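Each chain, written out:
2 protein chains.
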Amino acid sequence: MQKYFISDDDFKKCQITGDDVHHIKDVMRFKSGDKIKVSSSGSEALCSIVSIERDIVMFKIEMAVQNNNELPFLVDLYQGYPKGDKLDDICKHVTELGASNIYGVITKRSVFKLDPKKKESKILRFNKICKEASEQSDRRMLSKFVDIIDLKKIDFSLYDHKILCYEEVAKNGEASNFKNIVKNIKPNEKIAIIVGPEGGIDENEASYLKSIGFIPSALGPRILRTETAGLYALSAISYEWELK
Amino acid sequence: MQKYFISDDDFKKCQITGDDVHHIKDVMRFKSGDKIKVSSSGSEALCSIVSIERDIVMFKIEMAVQNNNELPFLVDLYQGYPKGDKLDDICKHVTELGASNIYGVITKRSVFKLDPKKKESKILRFNKICKEASEQSDRRMLSKFVDIIDLKKIDFSLYDHKILCYEEVAKNGEASNFKNIVKNIKPNEKIAIIVGPEGGIDENEASYLKSIGFIPSALGPRILRTETAGLYALSAISYEWELK
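Order-wise, the sequence lines are chains A and B.
For the first sequence, numbering that gives the first Met the number 0 gives the first residue as 0, with consecutive numbering after it.
For the second sequence, numbering that gives the first Met the number 0 gives the first residue as 0, with consecutive numbering after it.
Don't take every hint at face value.
For identical chains, the list gives no copy identity; a pair is met inside one copy or between any two copies.
Claimed, not checked - In silico lysine-lysine, DSS-like type, Cα no more than 30 Å apart, as pairs:
#1 82 - 24
#2 59 - 12
#3 85 - 130
#4 2 - 170
#5 116 - 127
Since the hints were made in silico from the structure, they are not lab data.
These figures come from a predicted structure and were not determined experimentally.
All chains, full assembly: derive it from the sequences and hints.
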């Protein structure tokens, strides 16, 4: 069933505004009486559409829905800013896999140069992708694209576990750090995962990250592309914690 | 280090022919003396380039390389043929994650209509992607795109484990089948994984697959896109078996 994440204010007023109105009218072609799911700040309800007007859709709540589709802890992905539009797909897929917050990180080997004038529109765009993917994958919570930021400017002090996905350690046979961390996560903890851009995290950056508590971890023996590493990490975390 | 998968015949003659010559000359701009890895039928060697001519590159073997980058069993992905060029990315990423053979499967909900005249060129194209991804990810074995084939025409009798990725069972809280199968794989067994196209596997198809031994399995509580499911499955298998 199609889901819409809406603001708390709209939820209280049983209304949908903004881009979702277009989606309801022109993409899904819903009519009065059709059923949708509506979600706001972790509350979720099965609703039926009451009226569809130009800029507003009114709904009534049929029943509250229990949604336990969230990981029992918070996993944030710090993605080394990749080439082209790969970050679009990464946002989409790690949202499906349960990521909470996503950051585009400017590292030494990022080819991407941030045009400050375009930063806000890029962040808006990534958040639109996150919202659609959260709806499509039936998340209870909306994933969020937080910022495009230089590696050295990030405050990682809030995290309980810090994982650096680092293929250099795989070459030396490292194969236990990631699983060891994942198995020991406790409910409601916060996990930061860093993935380098194409070419990987530079040696000095790796040293810096180790100095602030990141554990360099191999994701298997093969060399993963930057756009695959985050998906591997989130999939493995889901496998460990959401499958029995 | 750049790797090239070549034929047994070329390996014996210490030569590289075909498209790889262009890659060596024009993409990597290698010169005589540069080091490459060369792989053939599971044998691998560190080599140096001896000469580069128009259609042929000669190399000499410096030393044999031990490569243990393969899963200890064979995992084949039967991917419901998706829209657009998604199968390109799926081939690329599941190769990185260790898949052995990949099939494009025509199911009831596949929008894709196969033009028989284009079948061979499509298979060639997917195999080119598999070869490049096998080289990039440092596989010992080349993954292979085998065929585009109707679901009902596939012979699954050779497989020891058959997994149907099926979101319908997730709705009923199924969360143990996939992990249960994965944990019980034995070395050298063969595993088939089926993923539906957009819209999923149809109910009749699911009944048929169950009748021939497929276990309907949820990949976590959220709804994954068709292009994410295979990556989740392969990542989880790698996590279970390749990390300690």
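Here is how each hint holds up against the structure:
1. 82 - 24: Result: close only across copies, 24 Å inter versus 35 Å intra.
2. 59 - 12: within (10 Å within a copy, 75 Å between copies)
3. 85 - 130: Close inside one copy (17 Å) and across copies (21 Å); limit 30 Å.
4. 2 - 170: between (44 Å within a copy, 15 Å between copies)
5. 116 - 127: The answer is within: 19 Å in one copy meets 30 Å, while 40 Å across copies does not.
In this structure, none of the earlier numbered hints is contradicted; all agree with it.
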